Amino acid sequence: MNNRYAAAVATGLALASFALVYTFLGDGILQDGAVPEGREHRAALAIRDDVTPFQKWGTMLFTLRYLTRHYDHAWYFTQSRKGDKKEAFLAALDHALRRYRAVDLFLLAHTNQYVDWVKSLPDDHRRRLRLVYNTGCHNLPQGRHWLDLGAKIYVGHPGESTSPVFYFYFLRRWTHGDSIRKAVEESNILAWRKFRQVEAATFGRLNAESFVRESWASCRGDNHLRVEDFPE
Amino acid sequence: MRAYWHLALAPVALLLQLAPPIFIRAVAAMAYGAQPFLDEYHVWPLSILGIAFWGITGLLLGTVSAYLLLTRSRLRVAVPLILCCSIPSLIGGSVYLLALFTFLAIV
Numbered sequence: 005m006n007n008r009y010a011a012a013v014a015t016g017l018a019l020a021s022f023a024l025v026y027t028f029l030g031d032g033i034l035q036d037g038a039v040p041e042g043r044e045h046r047a048a049l050a051i052r053d054d055v056t057p058f059q060k061w062g063t064m065l066f067t068l069r070y071l072t073r074h075y076d077h078a079w080y081f082t083q084s085r086k087g088d089k090k091e092a093f094l095a096a097l098d099h100a101l102r103r104y105r106a107v108d109l110f111l112l113a114h115t116n117q118y119v120d121w122v123k124s125l126p127d128d129h130r131r132r133l134r135l136v137y138n139t140g141c142h143n144l145p146q147g148r149h150w151l152d153l154g155a156k157i158y159v160g161h162p163g164e165s166t167s168p169v170f171y172f173y174f175l176r177r178w179t180h181g182d183s184i185r186k187a188v189e190e191s192n193i194l195a196w197r198k199f200r201q202v203e204a205a206t207f208g209r210l211n212a213e214s215f216v217r218e219s220w221a222s223c224r225g226d227n228h229l230r231v232e233d234f235p236e
Numbered sequence: 169m170r171a172y173w174h175l176a177l178a179p180v181a182l183l184l185q186l187a188p189p190i191f192i193r194a195v196a197a198m199a200y201g202a203q204p205f206l207d208e209y210h211v212w213p214l215s216i217l218g219i220a221f222w223g224i225t226g227l228l229l230g231t232v233s234a235y236l237l238l239t240r241s242r243l244r245v246a247v248p249l250i251l252c253c254s255i256p257s258l259i260g261g262s263v264y265l266l267a268l269f270t271f272l273a274i275v
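Protein chains in written order, with our numbering: chain A, 5 to 236; chain B, 169 to 275.
Hint data in this document are derived by calculation from the structure and do not stem from the laboratory.
Quick caveat: nothing in here was measured; it's all calculated off a predicted structure.
Heads up, some of the hints might be wrong.
Below, computed lysine to aspartate or glutamate pairings styled on EDC-like, alpha-carbon distance capped at 20 angstroms [claimed, not checked]:
| # | chain 1 | residue 1 | chain 2 | residue 2 |
| --- | --- | --- | --- | --- |
| 1 | A | Lys90 | A | Asp120 |
| 2 | A | Lys186 | B | Glu208 |
| 3 | A | Lys198 | A | Asp36 |
| 4 | A | Lys186 | B | Asp207 |
| 5 | A | Lys186 | A | Asp233 |
| 6 | A | Lys89 | A | Asp54 |
| 7 | A | Lys123 | B | Asp207 |
| 8 | A | Lys186 | A | Asp31 |
| 9 | A | Lys90 | A | Asp127 |
| 10 | A | Lys90 | B | Glu208 |
| 11 | A | Lys186 | A | Asp36 |
| 12 | A | Lys123 | A | Glu164 |
Cβ-Cβ distance ranges computed for the label pairs, FRET-style [stated by the list, open to error]:
| # | chain 1 | residue 1 | chain 2 | residue 2 | range |
| --- | --- | --- | --- | --- | --- |
| 13 | A | Val13 | B | Phe205 | 23 to 31 angstroms |
| 14 | A | Arg105 | B | Gly201 | 38 to 46 angstroms |
| 15 | A | Asn6 | B | Leu206 | 25 to 33 angstroms |
Every residue, glycine too, gets a C-beta built ideally from N, C-alpha and C.
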């Protein structure tokens with residue numbers, strides 16, 4: 005085969021490979037580089053519970069850039085045992101609540117009770133809590149407690165959730181500027197499609213409908229909020 | 169022997185796809201293992217650099233090996249090696265490149 009034709013075929017294979025991978029793993033949105041307005045008025049905290057080193061690594065690697073880019077300040081905590089980092093987390097949260105107009109919390113942990121930690125903060129500080137997203141299994145009912153504490157919107161999962169799939173799509177859409185309602189709806193559907201792909205790839209060994217039933221996220225509170233909104 | 173070295177490049181490209189998971193496990197263990205010694209502050213840039221390196225390496229080796237096979241070997245040798253070695257390397261490299269773009273919030 006002549007050199008030029010071979011170069012074209014080899015380059016085409018590389019491009020086709022990337023296109024194939026993007027088709028299967030991409031989620032259809034492009035981060036266009038724009039950061040929604042009001043970045044200087046918002047902060048975020050994320051906390052990862054004590055899981056395997058790989059899970060801690062993956063969560064941090066994915067989350068950190070989105071938070072530091074779209075929030076004026078982002079704190080990220082990785083626990084090395086149950087109850088770890090409580091003082092540092094609460095100190096950072098209290099500082100953020102006093103300094104910023106809106107503070108979002110990302111609770112990237114199995115079934116958890118961080119709500120009990122946050123109760124200890126003063127009422128007038130907590131009213132600047134905005135979004136609380138909780139990956140915890142069976143933590144959806146916790147939403148009313150977070151709303152009572154001052155959060156404006158709570159997103160959680162109802163059962164033994166496979167929430168990392170949802171979280172991947174959700175964080176990208178929320179920071180992109182979508183409303184909570186839209187971000188949650190689209191992320192649920194994309195996660196459902198991903199579960200269907202896994203079901204097909206495993207010849208039905210994994211049941212997509214069961215995954216969806218347990219993981220389907222819901223909102224409590226003002227689901228029209230976007231990352232650039234500052235409810236008082 | 170020198171005339172056939174290009175035949176080895178495609179299997180090498182495929183074998184190198186074992187390296188990224190080893191790298192990832194090593195970084196994760198250094199930062200979050202039983203006795204962590206890598207500060208969490210350094211994990212993100214180190215991981216991004218590693219993923220970028222392995223993504224680009226996989227794509228480059230896959231492309232170059234396919235090109236060399238097509239130009240220097242008969243098709244009945246080139247096609248199976250491209251299918252079994254070069255394309256898996258290209259797909260592996262693409263996965264890491266897409267991961268890189270996602271972690272950098274580019275796509």
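Here's how the hints hold up against the structure:
no.	hint	verdict
1	A:Lys90 x A:Asp120	holds, 11 angstroms
2	A:Lys186 x B:Glu208	violated, 33 angstroms
3	A:Lys198 x A:Asp36	violated, 24 angstroms
4	A:Lys186 x B:Asp207	violated, 37 angstroms
5	A:Lys186 x A:Asp233	holds, 15 angstroms
6	A:Lys89 x A:Asp54	holds, 11 angstroms
7	A:Lys123 x B:Asp207	violated, 31 angstroms
8	A:Lys186 x A:Asp31	holds, 14 angstroms
9	A:Lys90 x A:Asp127	holds, 19 angstroms
10	A:Lys90 x B:Glu208	holds, 18 angstroms
11	A:Lys186 x A:Asp36	holds, 18 angstroms
12	A:Lys123 x A:Glu164	violated, 25 angstroms
13	A:Val13 x B:Phe205: 23 to 31 angstroms	violated, 46 angstroms
14	A:Arg105 x B:Gly201: 38 to 46 angstroms	holds, 39 angstroms
15	A:Asn6 x B:Leu206: 25 to 33 angstroms	violated, 49 angstroms
The earlier numbered hints that this structure contradicts are 2, 3, 4, 7, 12, 13 and 15.
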